[in-house]
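J.: Generate coordinates for the entire structure from the input sequences, incorporating the hints supplied.
So the chains spell out like this:
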Amino acid sequence: DVKVTQSSRYLVKRTGEKVFLECVQDMDHENMFWYRQDPGLGLRLIYFSYDVKMKEKGDIPEGYSVSREKKERFSLILESASTNQTSMYLCASNLGGNTQYFGPGTRLTVL
Amino acid sequence: GIQVEQSPPDLILQEGANSTLRCNFSDSVNNLQWFHQNPWGQLINLFYIPSGTKQNGRLSATTVATERYSLLYISSSQTTDSGVYFCAVEPGGNDMRFGAGTRLTVKP
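As given, the protein sequences belong to chains A and X, one line each in that order. Using the working numbering, the letters of the first sequence map in sequence onto residues 789 to 899. Using the working numbering, the letters of the second sequence map in sequence onto residues 14 to 121.
To be clear, the hints were calculated from the coordinates, so they are not data collected in a lab.
If you only want the chain X side, here are some residues facing chain A, beta carbon under 7 Å, derived:
hint	residue
1	Gln-46
2	Gly-54
3	Gln-55
4	Leu-56
5	Asn-58
6	Tyr-61
7	Asp-108
8	Phe-111
9	Gly-112
10	Ala-113
11	Gly-114
If you anchor each label on the Cβ, the simulated ranges turn out as follows:
hint	chain 1	residue 1	chain 2	residue 2	range
12	A	Arg-861	X	Trp-53	20 to 28 Å
13	X	Tyr-61	A	Arg-861	19 to 27 Å
14	A	Lys-806	X	Trp-53	24 to 32 Å
15	A	Ser-868	X	Tyr-61	35 to 43 Å
16	A	Glu-810	X	Asn-37	30 to 38 Å
17	X	Tyr-82	A	Arg-832	20 to 28 Å
Partial list, derived from the structure: chain A residues whose beta carbon lies under 10 Å from chain X:
hint	residue
18	Tyr-823
19	Gln-825
20	Gly-830
21	Arg-832
22	Phe-836
23	Glu-844
24	Asp-847
25	Leu-878
26	Thr-887
27	Gly-893
28	Arg-895
Each residue gets a CB set at the ideal place from its N, CA and C atoms; glycine is no exception.
T.: The following block contains the structure:
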């Protein structure tokens with residue numbers, strides 16, 4: 789079974805803090821994705837990566853950056869957290885154009 | 014960019030009832046998937062269905078790519094079917110675009 793894990797289920801940070809969200813997949817997938825989920829808006833793509841050290845902006849990259857130094861790990865970074873970044877963050881991975889597998893999500897609250 | 018619209022936004026059923034969820038998309042797509050998000054937030058892929066019809070137990074899905082819509086059918090609904098159902102399309106490349114979801118509540 790594919791397994792996608794995220795470093796935290798719940799996270800509380802203060803405005804201005806630097807926040808790291810980690811995602812690890814164990815199936816040697818090429819592609820990894822970061823989404824945020826907000827009520828009534830579905831999932832919106834922040835960034836994705838199709839290879840180590842490669843990244844592409846999604847629909848809402850502002851305020852975020854990413855890092856993919858190893859194939860299995862994709863990190864989302866909030867350089868200076870703001871209250872409007874309070875959300876559920878979901879990581880996913882897939883191989884080529886096949887189905888995406890999701891992690892359990894990280895619910896981030898920025899105070 | 015491509016627009017993905019799901020209807021209805023909310024649906025309440027009695028256990029045992031049938032339902033149909035709809036997904037409309039505004040442009041041609043390479044792939045389409047249906048996901049179920051359970052009450053704990055976990056997203057599970059239900060169908061990978063760029064065209065045609067597939068069935069898996071009480072669930073089935075049909076995508077008519079030429080008319081840019083997909084339908085998810087749930088028969089004999091159970092309380093465990095509750096959650097949010099998302100349609101996601103792949104317009105090109107490797108990224109996907111999600112609809113806003115349909116929140117299903119099945120009452121015992």
